[in-house]
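Residues 1 to 540 (this note's numbering) are what the sequence shown spells out, left to right.
Simulated from the structure, these hints should not be mistaken for laboratory data.
Since no wrong hints were added, every one of them can be taken at face value.
The calculated lysine-lysine pairs, modelled on DSSO-like cross-linking and capped at a C-alpha distance of 30 Å, are:
| no. | residue 1 | residue 2 |
| --- | --- | --- |
| 1 | Lys505 | Lys334 |
| 2 | Lys399 | Lys334 |
| 3 | Lys505 | Lys399 |
| 4 | Lys505 | Lys326 |
| 5 | Lys491 | Lys505 |
| 6 | Lys491 | Lys399 |
| 7 | Lys491 | Lys326 |
| 8 | Lys326 | Lys399 |
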Amino acid sequence: MASGQKPKGLNRSCFLLIVIAGMERFAFKGVASNLVTYLTDVVMMSNSAAAKTVNNWCGFTSMLPLLVASFADSWDRYSTILTSSFLYVVGLVALTSTALAWARHPTNNISSSYLFWSLCLISLGQGGYNPSLQAFGADQIPNDDELPCTKDEQKSNKKSLFFQWWYFGVCGGSLAGVTVMSYIQDTFGWALGFAIPTIAMTASILLFWCGSRIYTYKQDDNISERSSPDIFRAIKEAVSKLMNSRITLSSNKPDVAELELQEKPLCQNSGKAKASMEKPGGDINYLVENGRVVLRLLPIWSMLLMFAVIFQLPATFFTKQGMTMKRNVGSSFKIPPATLQSSITVSIILLMPFYDALLIPLARLITRDEKGISVTERMGIGMVLSIIAMAIAALVETKRLEIGQRMEVVDPKMETEVPLSIFWLLPQYILLGISDIFTVVGMQEFFYSEVPVRMRTMGIALYTSVFGVGSFLSALLISLVEYFTSSTGGKSWFSDDMREARLDKYYWLLALLSVLSLIFYVVFCKCYVSRSSDLDNEKS
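Kindly produce the complete structure, drawing on both the sequences and the hints.
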């Protein structure tokens with residue numbers, strides 16, 4: 001895959017939106033990947049406070065699409081993208097102004113409330129921008145109206161191709177953001193380091209607007225005709241009806257959605273849908289159907305949370321580890337610790353082409369199934385790889401602590417560099433990148449495909465919300481671990497003195513919780529497959 005080669009089977013608008021998505025990721029990663037360093041070195045937060053702040057912000061950012069998605073699906077996505085991107089840029093400008101203020105007066109403390117609101121604006125902008133842009137990109141695929149109930153293999157392949165190239169573009173932007181911006185921030189200062197992502201995001205908006213003539217615009221008329229007051233009046237009755245829904249997992253119908261709702265099919269043709277909306281209580285039925293779609297996806301959604309918790313580490317504790325390790329390359333150049341996050345993206349970009357070229361054909365030979373592996377199996381493999389990454393991270397951190405404790409401390413207030421190369425962290429980064437290929441790409445396709453056309457933005461929002469809740473869960477775990485480890489009179493596992501921090505124990509804890517999550521994931525799938533088979537036997 002060459003980054004400059006247009007993906008075969010995708011039209012010009014798809015390709016343009018993939019480039020725009022890469023530019024947005026460059027801007028976001030240029031800020032988020034090194035934000036923990038900004039908070040500790042400039043805002044003067046403690047390690048645990050900075051990590052919790054980053055986790056909460058990332059969680060808030062990833063959860064907002066769930067709130068915005070319903071409005072984006074009832075409005076048109078093009079307008080949602082333009083409106084939310086304006087908020088996005090305003091937030092980036094505000095964040096850049098905090099860095100400029102500190103550069104002019106380093107002795108002054110940065111207003112925490114101003115910093116908070118600038119980050120909130122970025123979150124609000126991204127909450128509407130990302131899911132709408134990705135759903136809008138998938139809308140560019142021709143003749144896609146029948147998904148996820150389509151039986152046309154060519155459409156399914158084109159959809160899968162789009163999501164793989166979309167993630168490829170996103171990874172390319174993330175790679176540039178992590179490597180280039182972390183170096184600029186550590187070398188030339190935070191003002192320039194935040195200004196460049198702001199300019200990149202502004203340029204992406206202009207590029208999006210310039211492509212307006214070539215886009216395909218899809219909008220469900222049944223949705224656009226609905227009034228917000230009618231919908232809100234229907235919520236109470238809709239919630240009560242949802243409590244009576246039942247869900248099951250299909251095991252013997254590979255051409256339809258993997259998760260299947262018992263009472264009604266997920267997709268209805270436009271005639272039936274329109275008739276349903278015209279009946280009394282149509283707003284209620286609409287909300288009930290949407291609620292059922294979300295409800296049936298919750299079990300799979302919840303099993304992915306520990307995977308999301310692990311993915312908060314590269315931007316927080318992995319980066320703090322790297323700051324204490326030997327970072328020299330040559331006589332003068334020092335690697336910015338946040339740059340190692342780029343190894344996740346590099347491994348994705350280099351190895352993703354082998355997924356379709358080697359792994360899927362091999363899986364077809366082993367399983368004798370045309371699909372090779374299912375989407376749920378793909379996500380499960382990624383979860384296993386993330387557990388292995390945690391085990392390796394714990395072993396490397398144990399080695400770093402052993403070397404650090406044998407060293408003579410000259411100044412307790414100064415961070416002592418441990419004579420252990422930062423490249424010892426690479427295996428855990430690379431394994432997380434490989435797990436990304438399986439789980440994250442699988443999640444995008446799974447949540448988009450498992451919802452009807454009217455809820456495409458909500459499907460993407462469900463995917464991003466996994467990482468949102470995972471961020472909040474990560475912050476909660478840090479708070480609980482810090483409370484229990486420091487309340488007994490001992491040192492916190494997240495001590496500001498990295499010679500006394502016990503991040504290795506925290507990594508083992510995450511590995512254990514991930515194993516439990518994986519076990520429940522497997523048991524859940526088997527139970528529902530068995531239940532689905534029993535129901536099919538009863539019907540026959």
